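Asks: Here is how the chains run, residue by residue.
Protein chains: 4
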Amino acid sequence: MPATFKAAVLSEFKTPIVLREFPLPQSTEPGGALVRIQMAGVCGTDVHLWKGQLPIPRPNILGHETVGIIEQCGVALEQDWRGVPLQKGDRVTWSSSLACGHCFYCKEKRQPTRCLNRKAYGISYNCDEPPHCNGGYAEFIYLRPGSAIFKLDDQLTTERVIGAGCALVTAIHGIERMGLNWGDVVVIQGAGPVGLAALAVALNHGASRVILIGGPEERLKTARRFGAAECLNIEHFPSAERRIQRVRELTRGHGADAVIECVGSPEVVPEALEMCRDGAKFLVLGHYGDAGEVSINPHVITRKQLQLHGSWGSEHRHMAQALEFLASQGGRFPFEELVTHRFPLDRVMEAIETTQKWQSTKSVVVP
Amino acid sequence: MPATFKAAVLSEFKTPIVLREFPLPQSTEPGGALVRIQMAGVCGTDVHLWKGQLPIPRPNILGHETVGIIEQCGVALEQDWRGVPLQKGDRVTWSSSLACGHCFYCKEKRQPTRCLNRKAYGISYNCDEPPHCNGGYAEFIYLRPGSAIFKLDDQLTTERVIGAGCALVTAIHGIERMGLNWGDVVVIQGAGPVGLAALAVALNHGASRVILIGGPEERLKTARRFGAAECLNIEHFPSAERRIQRVRELTRGHGADAVIECVGSPEVVPEALEMCRDGAKFLVLGHYGDAGEVSINPHVITRKQLQLHGSWGSEHRHMAQALEFLASQGGRFPFEELVTHRFPLDRVMEAIETTQKWQSTKSVVVP
Amino acid sequence: MPATFKAAVLSEFKTPIVLREFPLPQSTEPGGALVRIQMAGVCGTDVHLWKGQLPIPRPNILGHETVGIIEQCGVALEQDWRGVPLQKGDRVTWSSSLACGHCFYCKEKRQPTRCLNRKAYGISYNCDEPPHCNGGYAEFIYLRPGSAIFKLDDQLTTERVIGAGCALVTAIHGIERMGLNWGDVVVIQGAGPVGLAALAVALNHGASRVILIGGPEERLKTARRFGAAECLNIEHFPSAERRIQRVRELTRGHGADAVIECVGSPEVVPEALEMCRDGAKFLVLGHYGDAGEVSINPHVITRKQLQLHGSWGSEHRHMAQALEFLASQGGRFPFEELVTHRFPLDRVMEAIETTQKWQSTKSVVVP
Amino acid sequence: MPATFKAAVLSEFKTPIVLREFPLPQSTEPGGALVRIQMAGVCGTDVHLWKGQLPIPRPNILGHETVGIIEQCGVALEQDWRGVPLQKGDRVTWSSSLACGHCFYCKEKRQPTRCLNRKAYGISYNCDEPPHCNGGYAEFIYLRPGSAIFKLDDQLTTERVIGAGCALVTAIHGIERMGLNWGDVVVIQGAGPVGLAALAVALNHGASRVILIGGPEERLKTARRFGAAECLNIEHFPSAERRIQRVRELTRGHGADAVIECVGSPEVVPEALEMCRDGAKFLVLGHYGDAGEVSINPHVITRKQLQLHGSWGSEHRHMAQALEFLASQGGRFPFEELVTHRFPLDRVMEAIETTQKWQSTKSVVVP
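Residue numbers (our numbering), protein chains in the order written: chain A, 250 to 616; chain B, 250 to 616; chain C, 250 to 616; chain D, 250 to 616.
Calculated from the structure, these hints are not laboratory results.
From a predicted model like this one, the values you see are computed outputs, not experimental measurements.
The C-beta atom is built at its ideal place from N, Cα and C for all residues, glycine as well.
Distance windows between CB atoms, simulated:
id, chain 1, residue 1, chain 2, residue 2, range
1, B, Q608, D, K337, 55 to 63 Å
2, A, S276, C, G502, 33 to 41 Å
3, C, R497, A, K263, 54 to 62 Å
Construct all of the structure, not just a fragment, from the sequences and the given hints.
Replies: Here's what the structure looks like:
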């Protein structure tokens, strides 16, 4: 094992991410693991983090969607989260977050995604502190005891896992929280990774038709391949009024049974309320960053007797579901095709920029 | 039977309601009934209607919470909605609204409260058109075929039924839609009839504690008698910040499991979001009138993974539940005590004013 | 219009069904329709009815899965159940059952499938009484006012609708009642029309894998084409022990998340309880006939904390869902291929025999 | 601290329980605690265990409903399960069971009551092995790290906590799994501690009326005090037919909305199915012991579209709910009154016999 590892480090918000070298942990705690990173996805949240829209410690090694090879297994780490035998050399992915298991939300409310002491790789750790390697944009990552590790089957490619990224578990959790009725007509706002993942999960969940709103055209092509019944390109439908009108035309004038927001811009929220039929469900899934306020009319919620749902992150069991889904539904939903741009470790800044500018569907870092 | 009947008529919005005389229908269609009105409640919605905040036909006889005695039963009207035998002389109440049974919402979505052809006594009818007597502020009302009529047991007083009014069925439907988990800590915003009804239903539904926010003190006394664990008088807690802080103090710092809005003012909506613990439910129950917009932050919905629910009106089965509840839980929740002010038919305007000015808990009209 | 119509009539249980001629209704009530029958499916229930396992009036024209062409529209029948314009010459199907809309189950419990006054075409009517034509095994059928009629889109073939038959709406209703969690591993007992329909609905509902148990091989081929992950041919797995063992092998030793019984034989019920993982759901969907008792151990229900669900018939909205499903998912689930045997009206007895002897996947009658 | 402690020990099934002395642990692991027992309840399950109806290790110190005073707190045990500060001298109770947190049921299915490695105080431990003190019928008990300990408020008497016993958490969990609709009419089979607890929880959950079936008269008196609308004494209603008939008379001929079995005898299961209205729920809650099989007709489940639910044990969060319930609803449901018989440690055998013979409502052991 090398004595040091290289990592792409965010030192100050909105300043270039640069390569640094850190000492590599030479031993592993019981239950922990040292993993050599194979590929790390760039998530829209990384753009928000780089901009400083969430209060994270610095310096910080970003990257929370990762696949790698186990280099060293701590004592007692003999099985993955599902009980599959685990050893050095196995290709694995893991949940980016760890919940404490002891707080009000973990215990009394069974809601570990809102754990009061939650930590996430690629987000919550200062990389100047040992073991340093806590994020995906690096040659190595150290997985602490209690991490939810998942061994990957050989048929499940690294590209498909990273192509799905945290968007897929986010969509799975969100749609679980909202609930979909079989046969629902669903509108998805947004054609980014979360929108596409929500499309796949909604279709697999028995949505009868999904109307997807977004752009650019490249992403809409993927959406159609995944099975979207109709895609509204926002270049051709630049006004909310026209989009609302089109959704109504496609739904016998009533509006959709469910709307899933995967954009993150406040102004799409009142638009979604107009796209809902009376009694519809609306999942606010894209607002991971605080993008400010928007004006809504509460009378609409009462009169149309709507349901609004929020959902944050995911639980480990959603990762287990996601991997099962990717393995069995790969032919129908080829998430690997989302990976359009690849960057080495010294060009992480560029990878984030292509994501920010919507130039890629999914950019990945290959250390 | 008399040839004419007197009624309090709204001719123009925001102008005095005056007594008029109309011809009384002398015969009844099959399935219909003519009822001599005993008592009619004044609902907060009547204030909104009088102000013109909803587009209703005029002239109009308001009054949609009513108890009366059957004067004439149409052929084939032999049973009430639940199958109880019905005849002339019976004391009855009825659902104010009728759904068509044939539209998209009635059939495909089983959501008759959003029937596309919904009509409501005391709201939807022009009283210049026969049979004229379509509202509660009158000596008689004509119940059309298909109306959901409920015979009242002798022990169930008219005061208790009208004291509960449409607030109770509104609360029952709303809480059914939102769902309460057993043992939930609930905050209710508002101490009017809907707030007090929501208090009773939430407690009976297994809420472990209910914190009620509102005023004036007279209504809070009723709330305490009904079992509120704590009442925040808005005179003593005039700022949202202080109210939010107090709710947190009472909930181990986390916020409530559920918040029920029974106020109708947009500004209490963001306040409620702050009173919610992560993963909480929020029922927007008070916005029957369009009182304008309010600014909210969608990020809060995502991050706290909240659920928001709206609910409109009620179904006939909720009236059946309400009457059962009033009969069996009368000792615990003495709704008859809400009736604080009584007015004859020629003083309906005054009855509405006492409601508007919060001078009464519940004003009623006794023709 | 002809003066008479021919029909296949069941006069006595377990005796041959024979052709008879009846006067054809020459006029149609408001809201009713006279339909010339194109095709009628033979359902397993017809076998039970012929044997006398349910108390039905006689003589009786069986046949409750039917497609036909409107020959005469009653006044006021201008739209189908969903509001689609309707006229003479349209190809239609309809719900076989009518609920009264007024009884305890229709109103208070919103459960029209258990309507106390339920009637079904092909089951509940004595054909000696006018209008005589009340079943599918005939040249004409008279649809009474209140029937739920559905116009068929041109692309939706009669074969596909009849191939799905009442099995599909039965499966849709049953799975709605039980609820499936996304990603569930499901076992289906039975490869008849209900089993195959349950397979299609479960897969479309997000089941991750479906294991189907049944025979003969011909039907299992269809099951594999529909997407069954594994089929256990009961010829090769003749003992319950071996079947239970195989299900456990396929489910990491735990058992299935859900089991759906589509057989109708009591002895498969305790077998299903053994196939359930702890906390699993079990839908008893195949017991339309009274096939006697079976011994179970209630301790298993408590200890494994199981859920058992029954489901009877379907509501009109399930037919709307079924037609939408057949239209959009036809490529994935080609129900038309289930139609393996066709018979003219004078060979209905033979059609029922091929069904009884499992010689056909689905027999149909073409008048 | 004393060097030894006394305990009532079950050495062989169906033979007298006798007093023995064991070495008392003199130190406590981090997170563990040594507790001086104040009172331990006798549960119906103890009778089954004594009889050998479940395979438990021997010798064994029974007793799984316990309140005691902390004698020694292990390092790091600073808070109870809910985060309340904890220290030597505090009066506490605890969940009798510990789940592993790592198995299929704990993680993937969030169902710790079916943990594959579950252990329970008073049931799963051989008392010849250190730390010996693992059951409630003893002077001391040693609570292992990971135990869910709950500090008791001063107002919450030991009698009330033990009077409710594990019956209350069992009822809370069971009713949570089944779900009750507000206003349901509920039948409870059985007047023992589980039946009385189910009565309290069902009423607090919004059941409109509860009909309780059981005996002897003493327990029915308690049931009436708790709010049962009607009690059927099985001495006066010795036949299932008469009981079914009476339930139908009390439910307008339809049957109950929900039935809760708290008896443990297989023959009451088919009786319950007859007491259910169509579409009703049935909770099989009393079958903790394997009391053999019973014949049922699966056609009844399909035709009446019933739901059956099982439920096993409880989770720690149900204990938190139970204590909150006992604290706030004590006036309405005085569980302390269930404690009718008290025994010292050397008369545990007698305590179990009074339970077995229904001589007591609740027997307790006071060491």
